[in-house]
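Position chain B against the provided structure of chain A, taking the given hints into account.
Residue numbers (our numbering), protein chains in the order written: chain A, 24 to 624; chain B, 509 to 747.
If you're looking for bench data, these hints aren't it; they were derived computationally from the structure. Predicted model only: the values in this text are computed from it and were never measured. Any given hint might turn out to be false.
[What the hints assert, rightly or not] Computed cross-link-like contacts, SDA-like style, restricted to lysine to any residue with a CA-CA straight-line distance of at most 20 Å: (1) A:Lys-561 x B:Glu-586; (2) A:Lys-593 x A:Leu-553; (3) A:Lys-481 x A:Pro-503; (4) A:Lys-390 x B:Gln-528; (5) A:Lys-390 x B:Gly-527.
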Amino acid sequence: MSESLESAIRGICGSCGNDRGRLMDIVRAVQEQFGCVDGRAMELIAAEVGARRVEVEGVVSFYAFLSDHPTGEVVIRVSKCVPCLMNGARRVAEAFAEALGIEVGQTTADGRITLEYTPCIGMCDQSPAVLINDTVITYLGTDRARRIAEKLLAGAEPSRLVNKFGDGVNASDLVRSAVHNNVRQAGPFVLGPFAAGDARRAASMTPQEVIREIKTARLRGRGGAGFPTGMKWDFTRAANGDGKYVICNADEGEPGTFKDRVILTEQADLVFAGMTIAGYAIGAEQGILYLRAEYAYLRRHLENVLRQRREAGVLGENVAGVEGFTFDIRIQMGAGAYVCGEETALISSCEGLRGDPKNRPPFPAQKGYRGQPTTVNNVETFCCVARIIQHGAGWFSEMGSHGSPGTKLLSVSGDCSRPGVYELPFGIKLSEVLKLAGAEDTIAVQVGGPSGRMVGPKDFERSICYDDLSTGGSIIVLGPGRDLLKIASEFMEFFIEESCGYCTPCRVGNVLLKSRLDRIIAGKGEPDDLEYLEQLAKTVKTASRCGLGQTSPNPILSTLENFRELYEAKVQPANGLQRSFDLSEALADAEEAAGRKSVHA
Amino acid sequence: MSNTITLTIDGVDITGRPGQSILQAADEAGIYIPRLCAKDGLCAYGSCRVCTVLANGRPQAACVQPIAEGMIVENDSERVRDIRKSIIEMLFVEGNHYCMYCEKSGNCELQALAYRMGITAPRFPYQFPDRDVDASHPDIMIDHNRCVLCARCVRASRDVDGKGVFGFVGRSKDRRVAVNAEARLVDTDADVSDEAVDVCPVGAILKKRTGYAVPIGERTYDHEPIGTDIEARRTAASE
Chain A
24 MSESLESAIR GICGSCGNDR GRLMDIVRAV QEQFGCVDGR AMELIAAEVG ARRVEVEGVV
84 SFYAFLSDHP TGEVVIRVSK CVPCLMNGAR RVAEAFAEAL GIEVGQTTAD GRITLEYTPC
144 IGMCDQSPAV LINDTVITYL GTDRARRIAE KLLAGAEPSR LVNKFGDGVN ASDLVRSAVH
204 NNVRQAGPFV LGPFAAGDAR RAASMTPQEV IREIKTARLR GRGGAGFPTG MKWDFTRAAN
264 GDGKYVICNA DEGEPGTFKD RVILTEQADL VFAGMTIAGY AIGAEQGILY LRAEYAYLRR
324 HLENVLRQRR EAGVLGENVA GVEGFTFDIR IQMGAGAYVC GEETALISSC EGLRGDPKNR
384 PPFPAQKGYR GQPTTVNNVE TFCCVARIIQ HGAGWFSEMG SHGSPGTKLL SVSGDCSRPG
444 VYELPFGIKL SEVLKLAGAE DTIAVQVGGP SGRMVGPKDF ERSICYDDLS TGGSIIVLGP
504 GRDLLKIASE FMEFFIEESC GYCTPCRVGN VLLKSRLDRI IAGKGEPDDL EYLEQLAKTV
564 KTASRCGLGQ TSPNPILSTL ENFRELYEAK VQPANGLQRS FDLSEALADA EEAAGRKSVH
624 A
Chain B
509 MSNTITLTID GVDITGRPGQ SILQAADEAG IYIPRLCAKD GLCAYGSCRV CTVLANGRPQ
569 AACVQPIAEG MIVENDSERV RDIRKSIIEM LFVEGNHYCM YCEKSGNCEL QALAYRMGIT
629 APRFPYQFPD RDVDASHPDI MIDHNRCVLC ARCVRASRDV DGKGVFGFVG RSKDRRVAVN
689 AEARLVDTDA DVSDEAVDVC PVGAILKKRT GYAVPIGERT YDHEPIGTDI EARRTAASE
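Bound conformation, chain A alone:
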């Protein structure tokens, strides 16, 4: 280590203005330089920014990409989201483990390489995929995993492991990534051509006219919740504050969703144009793009697009020639926490806090980032905004259905021959999506990711829109032979890991739900367990504090609703005995005490 911890931390904190609100940037930088943020580092950071040590520890211990104990300078993170698991992620992890001579979750004896699992990294259409530091490796097989492990052991730089770049911007000098866009169907709104300045029409409108146009287009949030965007902006514009903020939620973490990654890769200008229009409409000077840590490889590209926009006069002072309209955008990196996709948790994270959601009210529109009125919108929503201003509300609402105008980007993965991103008009039937994706003999589809629902063939004629099958974009196709209950259990595991733990029902309830589901899967369930699961799931949904807990039981509830026969087959009494009763287990303690085997077991 060339630089002492003390002077390095002083430098890092100083470069962030010793601002406690920039704690995320500070701890990320320390983690990157020293491989961890240990107790001594926490104390030093706390002293520099005027926080308490335990507050810094609270942040470091919250995010998966931060660690209080040394990790390798190379960290291999194997994505274990369901599409990756379906394509052999476990075998890939085992191949890495064997070649490195460690178990998953361990670091090599020389302290150089750490191997671990991580939740969905947004590469489901090119799975199995791993992150090696910031470098993404996709379509990974066991042989290649072994070869990569050998190269890393020999001292290879992770970024040098990529020998074939993906398509489009992925191959550009600033990205140089193996990631593919896999755009299977480009629509006119989000994935059509766009150049900086194409939405200049906003400059000839008043902020009120902009909001009215968005309302006329009946645009609703694309992140999943579907809140009317124009209304959100109205609230934010009307709220009093010293400064207002526009935040773009690019913390795309719902397993099976990767469309924002493609938008950020290919349409960054469109996103930033939408954010700038939002800033103009609500009266904000500052925008923040909250980028999930898994997409760090896109950061240099995004910074470059921002720089070009400043040069083109569409960011900075007097934006697009509008006298007095100042607006700029900074990128806030996340550090591995799904819950930060929840807008108030995302704001907490931007403020340098643990990613705990905040109590509402007050809503972000009233008191958001740093206590000021803030609008938080999804990446795709900002694209729609820019298009509506570019072409008009009428043009926008020509596509889609009445309650859901426009198009939706779908991230399709799983058992299909054409996984990737599809921009399709709202109202399209699920069966049509499956046909486009080349899915055959599908037994179930997970619509909207784990927080959505698992549906069977009887629902395939239903349509994708806010009023029927609503989705933030995740469509995971499950083909013949897939164990749907096991998949539900994987999803529950995801929620258990990603719960912030703030409220009781989500923190405790999900653990209890999964353990009872696993008991059923293991063939030790009782008929009463179905009622138990339903009741507990409803309590967790009803009493949880934020959207995570309010949707986390959905894997169980939707499989109970749509695939009840799978549960029933597992809980019927076997051999006249209750399945939960295990005779040999019941006798084990007595046998040990007696020092001999029972004649009955």
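Frame of chain A; chain B shown alone:
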């Protein structure tokens, strides 16, 4: 703007003031809404969810939800009671709560809530977590086995004592209360006279050498269920 807000709780009309939470308005009106993390004098936190009510049909934590004109609150109904019981039972199985030899027994709000709600045994399996005890401080001990993560100590130390001795670390099922030091309470500026030491609803933060000073039979909840003091306000008002 009017200075009073009218709402109904379980069909009873009550009035409150702008800015009050459902819990505060109910307390003043003598209607008890069970709660664990909420405490007078500390900012509302909304973590335990024991005070869940249905406000205009929507589930809300009464401690953080502001009252509104004409609001209809469902508090003491079968379905709301069952949600609360479930949450209390979750807290019991999440930690290691052995009332029979806990010195907080009789003064413990978690235990008192269970008694008030008629919980004899939790419907969920015990998790038996492996948790630490920190007895490093000469006057105070922390038994994490009994912690319900209500954040009362965190808030009291930060906002009342102005110290920030406690904070949350970890997430999900690994979330726990930590102290502002490497590991031990003795290495912080915690003092036995701190408000933070007094506010623990359970037996997680205890003052040493005070256990069993008040005999069983004379403790806070030995004779009347928790919430009786609040309900007495209503009885007094109607007489």
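Which earlier hints can't be squared with this structure?
Hints that this structure does not satisfy do not exist here, as all of them hold.
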